[in-house]
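Protein chains in written order, with the working numbering: chain U, 1 to 323; chain D, 1 to 542.
No false leads were slipped in.
Here are some chain D residues the structure puts well away from chain U; computed CB gaps all over 10 angstroms:
| no. | residue |
| --- | --- |
| 1 | D75 |
| 2 | D165 |
| 3 | E199 |
| 4 | R355 |
| 5 | K540 |
No farther apart than 25 angstroms at their CA atoms in a straight line, the calculated lysine to aspartate or glutamate pairs in the DMTMM-like style are these:
| no. | chain 1 | residue 1 | chain 2 | residue 2 |
| --- | --- | --- | --- | --- |
| 6 | D | K285 | U | E288 |
| 7 | D | K244 | D | E101 |
| 8 | D | K526 | D | E248 |
| 9 | D | K285 | U | D93 |
| 10 | D | K380 | U | D85 |
| 11 | D | K371 | U | D85 |
These are calculated hints, taken from the structure and not from any lab test. The beta carbon of each residue, even a glycine, is placed where N, CA and C say it ideally should be.
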Amino acid sequence: MSDTAAPRARHAKHAKSFSRPPSKPRSGSSRGGRTAGGAKPASLWSDAWQDLRRRPLFIASAVLIGVILLMAVAPGLFTSVDPYDASTCRLGDARQAPSALHWFGTDNQGCDTYARTVYGASNSLLVGLCTTVATVAVGGLLGLVAGFRGGLPDALLSRVTEVFFAIPSVLGALLILAVFRAGTVWTVTLALAVLAWPMTFRIMRAAVITAKSQDYVIAARALGASNRRIMFRHVLPNSMASVIVVATINLGVFIAAEAGLSFLGVGIQSPEISWGLMIADARPRFLEAASPLLFPAAFLSVTVLAFIMLGDAVRDALDPKLR
Amino acid sequence: MRVIKGAKLVAGTTLLALALAACGNATSTGEASGAEAVRMKIGEPQKLFSPGDTVESEGAEVMAAVFAPLVKYNDDKEVVNHVADSIKTSDNKVWTIKIKEGYKWHNGEPLIAQNYVDAWNYAANQENAQSANYFFGRVQGYADLNPGEGKTPSTKEMSGLKAVDETTFRVTLSQPFSQFGTMLGYTAFYPLPKAAFDEGTGKITDAYMKKPIGQGLFKMDAPYNKGTDQTINLSLFKDFPGDKPKFEKLQFKVYTSAETAWNDLQAGSVDIQEQLPPAAISTAKAELGERYIDQADAAIGYIGFPTIASRAYDDIRLRRAISMAIDRKTITETVFSGTRAPADDFLNPLLDGYRPGACKACVYDPDAARKLYAEANGPKTLELGSNMDNGHKEWIEAVANNLRSNLGITVNVTPFEKFQQILDELDAKKYTGMFRSGWLIDYPSPENYLTPVFSTGAIKDGSNYTGYSNPEFDELLVKGDTAATMEESLKYYQKADDLLLRDLPMIPIFYYRMNAAFSENVRGVKINLLNQVEWAQVEKVV
Numbered sequence: 001m002s003d004t005a006a007p008r009a010r011h012a013k014h015a016k017s018f019s020r021p022p023s024k025p026r027s028g029s030s031r032g033g034r035t036a037g038g039a040k041p042a043s044l045w046s047d048a049w050q051d052l053r054r055r056p057l058f059i060a061s062a063v064l065i066g067v068i069l070l071m072a073v074a075p076g077l078f079t080s081v082d083p084y085d086a087s088t089c090r091l092g093d094a095r096q097a098p099s100a101l102h103w104f105g106t107d108n109q110g111c112d113t114y115a116r117t118v119y120g121a122s123n124s125l126l127v128g129l130c131t132t133v134a135t136v137a138v139g140g141l142l143g144l145v146a147g148f149r150g151g152l153p154d155a156l157l158s159r160v161t162e163v164f165f166a167i168p169s170v171l172g173a174l175l176i177l178a179v180f181r182a183g184t185v186w187t188v189t190l191a192l193a194v195l196a197w198p199m200t201f202r203i204m205r206a207a208v209i210t211a212k213s214q215d216y217v218i219a220a221r222a223l224g225a226s227n228r229r230i231m232f233r234h235v236l237p238n239s240m241a242s243v244i245v246v247a248t249i250n251l252g253v254f255i256a257a258e259a260g261l262s263f264l265g266v267g268i269q270s271p272e273i274s275w276g277l278m279i280a281d282a283r284p285r286f287l288e289a290a291s292p293l294l295f296p297a298a299f300l301s302v303t304v305l306a307f308i309m310l311g312d313a314v315r316d317a318l319d320p321k322l323r
Numbered sequence: 001m002r003v004i005k006g007a008k009l010v011a012g013t014t015l016l017a018l019a020l021a022a023c024g025n026a027t028s029t030g031e032a033s034g035a036e037a038v039r040m041k042i043g044e045p046q047k048l049f050s051p052g053d054t055v056e057s058e059g060a061e062v063m064a065a066v067f068a069p070l071v072k073y074n075d076d077k078e079v080v081n082h083v084a085d086s087i088k089t090s091d092n093k094v095w096t097i098k099i100k101e102g103y104k105w106h107n108g109e110p111l112i113a114q115n116y117v118d119a120w121n122y123a124a125n126q127e128n129a130q131s132a133n134y135f136f137g138r139v140q141g142y143a144d145l146n147p148g149e150g151k152t153p154s155t156k157e158m159s160g161l162k163a164v165d166e167t168t169f170r171v172t173l174s175q176p177f178s179q180f181g182t183m184l185g186y187t188a189f190y191p192l193p194k195a196a197f198d199e200g201t202g203k204i205t206d207a208y209m210k211k212p213i214g215q216g217l218f219k220m221d222a223p224y225n226k227g228t229d230q231t232i233n234l235s236l237f238k239d240f241p242g243d244k245p246k247f248e249k250l251q252f253k254v255y256t257s258a259e260t261a262w263n264d265l266q267a268g269s270v271d272i273q274e275q276l277p278p279a280a281i282s283t284a285k286a287e288l289g290e291r292y293i294d295q296a297d298a299a300i301g302y303i304g305f306p307t308i309a310s311r312a313y314d315d316i317r318l319r320r321a322i323s324m325a326i327d328r329k330t331i332t333e334t335v336f337s338g339t340r341a342p343a344d345d346f347l348n349p350l351l352d353g354y355r356p357g358a359c360k361a362c363v364y365d366p367d368a369a370r371k372l373y374a375e376a377n378g379p380k381t382l383e384l385g386s387n388m389d390n391g392h393k394e395w396i397e398a399v400a401n402n403l404r405s406n407l408g409i410t411v412n413v414t415p416f417e418k419f420q421q422i423l424d425e426l427d428a429k430k431y432t433g434m435f436r437s438g439w440l441i442d443y444p445s446p447e448n449y450l451t452p453v454f455s456t457g458a459i460k461d462g463s464n465y466t467g468y469s470n471p472e473f474d475e476l477l478v479k480g481d482t483a484a485t486m487e488e489s490l491k492y493y494q495k496a497d498d499l500l501l502r503d504l505p506m507i508p509i510f511y512y513r514m515n516a517a518f519s520e521n522v523r524g525v526k527i528n529l530l531n532q533v534e535w536a537q538v539e540k541v542v
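Model the full assembly from the supplied sequences, consistent with the hints where possible.
What follows is the structure, encoded as structure tokens:
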């Protein structure tokens, strides 16, 4: 994916970098560069946005993600029951079928499944977002350095990532989380990020290696641009596309991974609410009461699906080959 | 609970958790030899096998098939001689035990009185670090074998233990104890053959612990490699003199999850399961009919306060408040589908001495609880630790929710992978939160609910994990133990019970019930007071 995204980036920058030399005395923001290239903003990103806006896949996933984000940020808008208040659970009312009072029924502890499902969104999204940010920051930065510098730093970092690739990810996460007795959003994020950054690193590194040998980089170097400037002004923006695509898809994967770890009992712990935890709690009595398992599972699936669809849409928009 | 000709009780000092904890995951392979065997689910034994070191229920289940105890217990919880021909005493201090003739070890040696003396001396010697060491504490000369850490015992034999002839041995206790005879059905009191000991060091050999030679119904086919072996295969010992079951092969299958075992039982790939997962119980009766066993059980489930490791629980009012905030009735009905009964005493209703409603603080009263908790200025955050397997998670969550809503505090549930882990951390004083616990008796005496769990002496050697230490309580136990009659003993035990009810070092939550099931391949499965199958009655359906 990175290989196909890079060439397209190249073309876009190409025109841009030629327009740049005259403006050298100026601060040379990319905006300045772009407008100098033509009246219409024809950069990779604006192109992609134009393209995305018209895609039903993107619109559908964006709406879904919007709703889930809203749930995560303001669960109170969706339900008046606060599931973190234990007095809303009555053990005597356990395992009730869905009704007007309890839309999704009640779980094994007599808590309202709907309220818990809504409140569960925030931990899942938090883990997904934080892990994505961490992997992009760490993997992206190291990938940029390794790809750009080559030589010893590249060799070292590449070997390190290979070590991480050799660790089966669920097993690795279990090991890391076993160190902490009580799992929290942050320990789960840590465990997932530690194991996931090498993938971002590799994609970034490959994209950077492709980008750094391009004409516009050579031109910039000939014009006397410093390494740092070349790295952040020219190479980085042209290498980001594939990382963003992977990050978007991975966000969904991380949410699923969090649910998986919580399900296994090493992730987020009660009294925190997480979809994985709800599924784990409901599983032993699935035959007696299915709704406490099915609803969080459905929310989880839809959320993960939405992020993967979004990733697909973004990739289509950024990848010229599929256009 | 019924027993068959002699009932038996055996037990394990088992912290139940272990027992119940064992459930597992399993094995679907290895059926080849199991095709015609009767297969029973167990959890992984905690240690290799040796009478003095097997104190948890899973290992004890295997031991009970390989060994025959001196006494068993009948339906009325009375002692019935099994291997013992007679057990006599005139003063509750000197006990003369005569064994029946005709018992043989699986290797052909005859069973002699000296085998008991050797085994008991071995278990009582601190050098051998046996978990059941504590059970011999009443025998005269025990102190010589246990001079304390760092010191070497001056002898290898207890002065109070002597073989009189081939079939008779005499036990002298340091103080009279009216229930000594009752204790003898426990795993720790099994004998050991000469072949068990290494000739050079005098220690029990590893080879023996992997493949114990017993004098019971079944002999082991092959050494058990703990950790790798998922099955333990046994064959009927033809020379056993008593009643024998009507099948030849017995197989224990090691599971880590009760749910998996239950699925296997329904599919017919395991035949007997002793404790069904809670979720299975509501449907098991309808599904299995006669093959579902629901009987009262001598075990108690508690929540304990580590008063030895933390000052946070020192205020009795706080402990009372926590106890009153727990809705035992709803928990037993909803979470356990009625297969537990709300606890209201430190003694179990199965045995004499139990008084209904004795625990006033076990009555659910959220308002009073909240008031009392505020008076005691209880902490805003409490920790509640439990192993989460075997269906403990659900009721622990329910208790946590009770405390959260009735006391208005934060309760963090700390998961432990295994019950043993809680015990280890409590021992090391690393864990200072409340913890779930359970107790299954080793022999049917009310004393067994008190001494091993709450006496000062049991802090070091026994199962007193709360660190409760009350001289008055200890003294009452001694009075009870040395009283001439059972009625008199009971009075003292109940007084001791009263102190526990006042001090609440642990709070009783529920009485267990035994919810077992067996497949269509077997008939006549009975489970005794010690939660062990009475193999002699089991039939294989062809």
